[in-house]
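Letter by letter, the chains look like this.
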Amino acid sequence: MQEKFEQREREMEARFDKKTAAQDAEIAALKKQLAGTATNPPVPPAPSVTATASTNTVTPDQFKDLSDKVDQVAEAQKKTLMSEFNPSIGLVGETIFSGNSKGSDQTGSDRPGGFDVWQRSIELNVAASVDPFAKGYAVINASADSATGDTTLSVEEAAIQTTSLPWNLELKAGLFFGEFGRLAYIHDHELPFVNRPLVLDQYIGGESKTAGAQVSWLLPTAHYVNLTAGFGDQFGDIPNNPGTYRSLSEVNYFGRLSTYFDLTPNWQLETGISGLINPNSGEGLGGVLVQPNGVSTLTEKARRLAGFDVKLSYVPLQNNQFQSFTWGTEVLYSDNRYLSDPNGIPSSGDEFYENVGSAGLYSYITYKWSRQWSAGFLFDWVQSDQNNSEVTAAYSPYITLALSHWNQLRLQYTHTEPNAATGYQPSDAVYLQWTWIIGSHSHGWQQR
Amino acid sequence: MKSKLFRFLSLAAIAAITLGARPANAAKIHVVTTLTDLADFARNIGGDHVEVRSLATGIEDTHGVPMKPSFVPLLNRADLIVLVGFDCEHSFLPGLLEASRNPGIQKGKPGYVDCSEGITPLEVPKSTDHSEGDVHPGGNPHYLLDPVLAKTAIQNIYNALVAIAPQYQADFEHNRDAYLARLDAKIAAWETEAVPLKGAKIVSYHNHWAYFVKRFGMEYFGTIELKPGIDPTPRHIEELITEMKAEHVSIVVREPQFPEKVPALIAQQTGATLVKLPIMPGGVPHTDTYIEMMDYIVHTMVAAIK
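Those sequence lines, one after another, are chains H and L.
Read in order, the letters of the first sequence are residues 1 to 448 in my numbering.
Read in order, the letters of the second sequence are residues 1 to 306 in my numbering.
Check the hints yourself; a few may be wrong.
List time: in silico PhoX-like cross-link candidates among lysine-lysine, alpha-carbon distance up to 20 Å [what the hints assert, rightly or not]:
no. : chain 1 : residue 1 : chain 2 : residue 2
1   : L       : Lys214    : H       : Lys64
2   : H       : Lys69     : L       : Lys151
3   : L       : Lys186    : L       : Lys201
4   : L       : Lys109    : H       : Lys135
5   : L       : Lys151    : L       : Lys201
6   : H       : Lys311    : L       : Lys109
7   : L       : Lys261    : L       : Lys245
Not close to chain L: a few residues of chain H, all C-beta gaps over 10 Å, as computed [said to hold, decoys possible]:
no. : residue
8   : Ala14
9   : Asp17
10  : Ala158
11  : Asp233
12  : Gly243
13  : Ala375
14  : Ser427
15  : Val430
Derived by calculation from the structure, the hints in this document are not laboratory data.
C-beta: ideal position from N, C-alpha, C; glycine also.
Chain H with its partners taken away, still in its complex shape:
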C-alpha cells in the first residue's frame, strides 16, 4: 500500500511538472506570436473567403482579447513581494466620551465624574503563521490614564496557538485571555455594549488575562461540545503576588465546558459552564486591602469562581446582515477565602479566616433591524465578592450605529444603583463610544 501511494505521488508530480512546462511553453509561444503580429498586423479576411479558409487569421478584437489575457496571466505569475512575509496587522481605536452625574469618590469609578474623554483602546493586532504547526498573535494596547492623561502601553495578549495537533486538541501558551464564560475573554471594544458587566469587572478583574497555557479539546462527537482547561499565574488584570516562591497551589486553574444547539435553522442556543480556582492566593489579589472603614483589612487567601452562561440568538439565514436578535446571560458565584484583620494590625491575634459567598449576573438583549442600526438593554446585578451585603445594580439601554464594518458609534445611558452598604451613591451616566478599525481584520472564531 505504501509503495503504491509513493508511486502514485511520483506519477502525479511528473504529470504536474509536465503540465507546468507545457503551460510555460504555450505562454512563450503566444508572446512570440503577439510580437510577430504587432509588426505584421493581421489582415481582415476578404468577404469572399469561406469560413474554413479564415481560421488562421486573427481579428483586431480577438488579438486585443488574447493580448489582455496573456498580460493578466503573466502579471499574476510575477507576484512574489517581500511584503507577503509580513504578518496581518490591524489597529483598533476606541474613544469614549462620557458625562457622569457624580464624582469618582461617590461612585468608586477609576474615571472622573462630570465630563470625561477616555481613549480606552489603541489596540494593535498582529497575527501570522509561525510554521505548519502553529500560529502566533499579539495584541498590544495603549490606554490613557485617568489622572495624568498619559498613555500606558501594555501587552494584552502574546501567544502561540497550535494548528495541527491530533485528537482534536489545540494548545495555546503565552499571555492570553483564558476561556471563561462568554464575555470575559472578549476585548473591551468588541463587547455588545460600552462597559464590561459589573460582575466580570469585580469577580474576574476585567478581561480574563492570564500568563500560562490552555488546552482545548473538541469532543469527537457529531454534536458540538468543547472542553477547555488551563492554568496561569494570574486571572484578570491584577496579578497574584506569590512572594519569593510560587508553589503549584498558588497557580490559577480554570476551565470551561460549552455546547451548542440549532433550535431551528434561524434560532441558535449556546451554553456553557466555567470554573476557576486559585487554592492559595499568596499575598492576595491586589495585596492587603484596606476596607472602607479605613481600619480593617482583608487579604484574599483562596479564590473560587463558578459560572453559567447562555446565549440565545435569532440569526435569519436569508437576511442576517439586516436583522438579528441576541439574548445573553451569565451568572457567576464567587466563594473566596479571606484573612480578615479587624484592627488592621498584622499578627495581633484578632485575625480570622472567612469564606465570602457572593453572586452576580448580567443579562442583555440586542435587536438589529438594519445593516447599520441595532439597540439593546443591559441589566447588571452583583454582590461584592469581599462583602456580600454590598449590592450594586445597573440599567443600561444602548443604541449602535455601524456606519460600516470598521466604523461604529454607540450611545449608552447607565443608571447605577449601589445600596447603602457599598458607601457609594446612585449615579447617571451617558456614554458615546466611537470605535474604528484600520488594516487587516479577520472574523476569528471568538467573533462569531
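Start from chain H and add chain L according to the hints.
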C-alpha cells in the same frame, strides 16, 4: 498511582483515536462545501462515492453565512472543504477552519479545494483600502454565475476527488464528463436564449453579476450599494436614479438576501423592471441545482427586457 494514571491516559487516547478515526471500510468521502453550487457539482461528480454537505443553504448572502458551532463537527470529519476562493468566504470560513481541529483541510493542504484556481479574476482592486468598502483583494469572487467558468470549478473538484480517491477515478471521470456534456448543452441553449440581452444594462444591489454580464454581452451599470458592504446613502440613490434614466437602464436586480424597499423604489422611479434573482442554488424556489438556477436567471432576465 503512576500505573493508574498511565492506564487512564492510555484508555483516553485509545477512546479518542477510536471515536475520531474513520473506519477503514468507510466508503464515502466526506465533502463539505461552502456554497450550494459547489455542493451540486460535488454530488454530480462524486456520485455514490461522496457524502456532500453545504454550509450555506442557498438563501444566505455569501458574505453572511453564520459561523455556527454545529458546522465544527462537520468540518472536523471532512475529507475535503470545497470553497469558491478569492476571499468570498472570508467572513465565516477562517474562523470555522480554526475551530475544526482538522489539519487536513487547512489552507494549503490537499483537503483544501480552492475552486478559483485557474480562473482569471475580474475587477482585481488596485487598492484594498477600506475607503473602497469591503473589497476582495483577489478580485470579484462571483465567477460561478458564469457557467463557462463554472466548468473550471468542476474540474478542480474532480482533481481533488481523484487525488483523494484515485481508485474511483474512472467513475469520477464518467460522472464529470456526463455532467459537463449536460452543462455544455445548456450553455449553448442559454447563449441562444440570451441573445436579446446583448447590450442591456443592469443595476444590482451588490456586485454579483460581473461575470454573468460579460458572458452574455450585457452591461453592468452600477450597484445600489454605495460600495461593497456599505448601504446606499440617499444621495447615492438619487444620483443612481438620475443616471439610470439618462442611460435607459432596463433591469434592477435584487438578490433575495437584500431588502426590497430601495430596489423597488429605484425600479419604480426609473421605469426599469425589478427582478429577484438567486446567486446560488436554493436562493429562490425551484432552483435546487446549478442548472435549474441558471435556467431561472436567464429566463427571468430575458423576460424582464421583453
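Okay, the hints, checked on the actual structure:
no. : hint                 : verdict
1   : L:Lys214 to H:Lys64  : 16 Å, holds
2   : H:Lys69 to L:Lys151  : 18 Å, holds
3   : L:Lys186 to L:Lys201 : 24 Å, violated
4   : L:Lys109 to H:Lys135 : 16 Å, holds
5   : L:Lys151 to L:Lys201 : 26 Å, violated
6   : H:Lys311 to L:Lys109 : 34 Å, violated
7   : L:Lys261 to L:Lys245 : 19 Å, holds
8   : Ala14                : 14 Å, holds
9   : Asp17                : 16 Å, holds
10  : Ala158               : 18 Å, holds
11  : Asp233               : 25 Å, holds
12  : Gly243               : 30 Å, holds
13  : Ala375               : 17 Å, holds
14  : Ser427               : 37 Å, holds
15  : Val430               : 27 Å, holds
Of the numbered hints listed earlier, those contradicted by the structure are 3, 5 and 6.
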